[in-house]
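Start from chain D and add chain U according to the hints.
Protein chains: 2
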Amino acid sequence: MTGTLHGVGLGPGDPELMTLRAHRLISAAQVIAYPAPDSGESFARSIAAAVIPTDAEEIPIVIPMRIERFPAQDVYDAAAKTLAARLSAGVDVVVLCEGDPFFYGSFMYLFERLARDFPVEVTPGVTSLTACAAAIQRPLCARNEPLSILPGPLPDAELRARLSGGAAAAIMKVGRHLPRLRTLIEDLGLTNRASYVSHATLPNQAAIPLAQAPEAAPYFSMILIAGSDPYANG
Amino acid sequence: MTGTLHGVGLGPGDPELMTLRAHRLISAAQVIAYPAPDSGESFARSIAAAVIPTDAEEIPIVIPMRIERFPAQDVYDAAAKTLAARLSAGVDVVVLCEGDPFFYGSFMYLFERLARDFPVEVTPGVTSLTACAAAIQRPLCARNEPLSILPGPLPDAELRARLSGGAAAAIMKVGRHLPRLRTLIEDLGLTNRASYVSHATLPNQAAIPLAQAPEAAPYFSMILIAGSDPYANG
Numbered sequence: 028m029t030g031t032l033h034g035v036g037l038g039p040g041d042p043e044l045m046t047l048r049a050h051r052l053i054s055a056a057q058v059i060a061y062p063a064p065d066s067g068e069s070f071a072r073s074i075a076a077a078v079i080p081t082d083a084e085e086i087p088i089v090i091p092m093r094i095e096r097f098p099a100q101d102v103y104d105a106a107a108k109t110l111a112a113r114l115s116a117g118v119d120v121v122v123l124c125e126g127d128p129f130f131y132g133s134f135m136y137l138f139e140r141l142a143r144d145f146p147v148e149v150t151p152g153v154t155s156l157t158a159c160a161a162a163i164q165r166p167l168c169a170r171n172e173p174l175s176i177l178p179g180p181l182p183d184a185e186l187r188a189r190l191s192g193g194a195a196a197a198i199m200k201v202g203r204h205l206p207r208l209r210t211l212i213e214d215l216g217l218t219n220r221a222s223y224v225s226h227a228t229l230p231n232q233a234a235i236p237l238a239q240a241p242e243a244a245p246y247f248s249m250i251l252i253a254g255s256d257p258y259a260n261g
Numbered sequence: 028m029t030g031t032l033h034g035v036g037l038g039p040g041d042p043e044l045m046t047l048r049a050h051r052l053i054s055a056a057q058v059i060a061y062p063a064p065d066s067g068e069s070f071a072r073s074i075a076a077a078v079i080p081t082d083a084e085e086i087p088i089v090i091p092m093r094i095e096r097f098p099a100q101d102v103y104d105a106a107a108k109t110l111a112a113r114l115s116a117g118v119d120v121v122v123l124c125e126g127d128p129f130f131y132g133s134f135m136y137l138f139e140r141l142a143r144d145f146p147v148e149v150t151p152g153v154t155s156l157t158a159c160a161a162a163i164q165r166p167l168c169a170r171n172e173p174l175s176i177l178p179g180p181l182p183d184a185e186l187r188a189r190l191s192g193g194a195a196a197a198i199m200k201v202g203r204h205l206p207r208l209r210t211l212i213e214d215l216g217l218t219n220r221a222s223y224v225s226h227a228t229l230p231n232q233a234a235i236p237l238a239q240a241p242e243a244a245p246y247f248s249m250i251l252i253a254g255s256d257p258y259a260n261g
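Taken in sequence, the protein lines are chains D and U. FYI, the numbering for the first sequence is 28 to 261, going by the working numbering. FYI, the numbering for the second sequence is 28 to 261, going by the working numbering.
This is chain D alone, in the form it adopts within the complex:
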């Protein structure tokens, strides 16, 4: 009997936005893995910290800050090998995932390496997407409105094409792309519909009009653009 690989979504940051299932799985875990920076605290671990059993084996998957290639294949190769050893010994492994494991998550790099050999269960989590909508107190999308989810690093031409239709949009992973994105949104005449959110659900949350956003944005920040009229026909 092999163990099961659990990809467990933790939600956007507030530990109270963990699901009951995530809480149960983490509380009972013998082996817990999570992404971690090469210096400083793991954000995923910090969300779950109060729930991690003191006698659990913890396996940080250290992602170097300055990686030349994207993603860090050798890091995930090594981590998969470590986790495979536990799974082969019949022990379940819980992988802590910020947000949701399958929504722009790094869990997929472990999933693609291990899912052929071991049973995998994914526990979905609250995404930053809806956490940011709650933070600005505005519906993300309504009725039959399309919603475009766009990573900020996409080239200008692709962002422009996808934003120009006037539909609701969320731009993820804003970070160092903020000045470029701000210019592009202004060019499209969408600034008055755009909000900026960083650190959603955490004590240092910012949720403000894009026009008031700071010069420098953290990686986990988002721009939400309302559709032409969120209450149209409402």
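Treat the hints with caution; some may be incorrect.
Since the list can't tell identical chains apart, any single copy or any two copies may satisfy a pair.
Mimicking SDA-like on lysine to any residue, the simulated pairs with C-alpha atoms at most 25 Å apart in a straight line are [as the list claims (entries may be wrong)]:
id: 1; residue 1: Lys200; residue 2: Thr29
id: 2; residue 1: Lys200; residue 2: Tyr246
id: 3; residue 1: Lys200; residue 2: Ile90
id: 4; residue 1: Lys108; residue 2: Tyr246
id: 5; residue 1: Lys200; residue 2: Arg189
These are calculated hints, taken from the structure and not from any lab test.
Chain U in isolation, oriented as in the chain D frame:
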């Protein structure tokens, strides 16, 4: 002191996918409102059933099955008036919301009627979007891949334009639109990348290739279309 209106996301259906915060707010609630059909059980209430205090006042918001207008304005006008009376009396009101309150949710109809007069707090929930990705065991979107979220009732021309770029997509609210959507996806050559999910996370969940989907789909069903290569550069 007026009460606070809480829009509380319950997740996609499995009660264990409720957040700890939703659990806390519902457990302590004196007044609980939820959408309900004119006959049969409220899906939102069924998710939270085990947590609702026996002495809480329950206010079903009955949405007639066959409504001529979209949405049912008079129903929400009347419900808002009922809830406003409790809030004015200083009592908090918890509104139970399937999935997430601001992700294609009917909570917005109460929000737009009450947010000017009363404090509102939104508790985000796990959406059907990521629950469906977990069900088919495939990442929804990866790295810098855009994701299009498209309601199934959109006209063919708009769906076609938004699907033809080859990006990852999720088509919500499939229901009676399934035959039309299936034809359109086949025309675009995307059938082999498309999955069908209904009743995600519930005991009767279906998560299968679109080609194997049944003739008739429930309203809460979804089609997920993988991007050109979910593991590109992976």
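Hint by hint, here is what the structure shows:
1. Lys200 to Thr29: For Lys200 and Thr29, the Cα distance exceeds 25 Å both inside one copy (36 Å) and across copies (38 Å).
2. Lys200 to Tyr246: This pair counts as within: shortest intra-copy Cα distance 5 Å, inter-copy 32 Å.
3. Lys200 to Ile90: Cα proximity of Lys200 and Ile90: one copy only (17 Å, versus 38 Å across).
4. Lys108 to Tyr246: neither (29 Å within a copy, 42 Å between copies)
5. Lys200 to Arg189: Both. Shortest intra-copy (17 Å) and inter-copy (22 Å) distances satisfy the 25 Å Cα cut-off.
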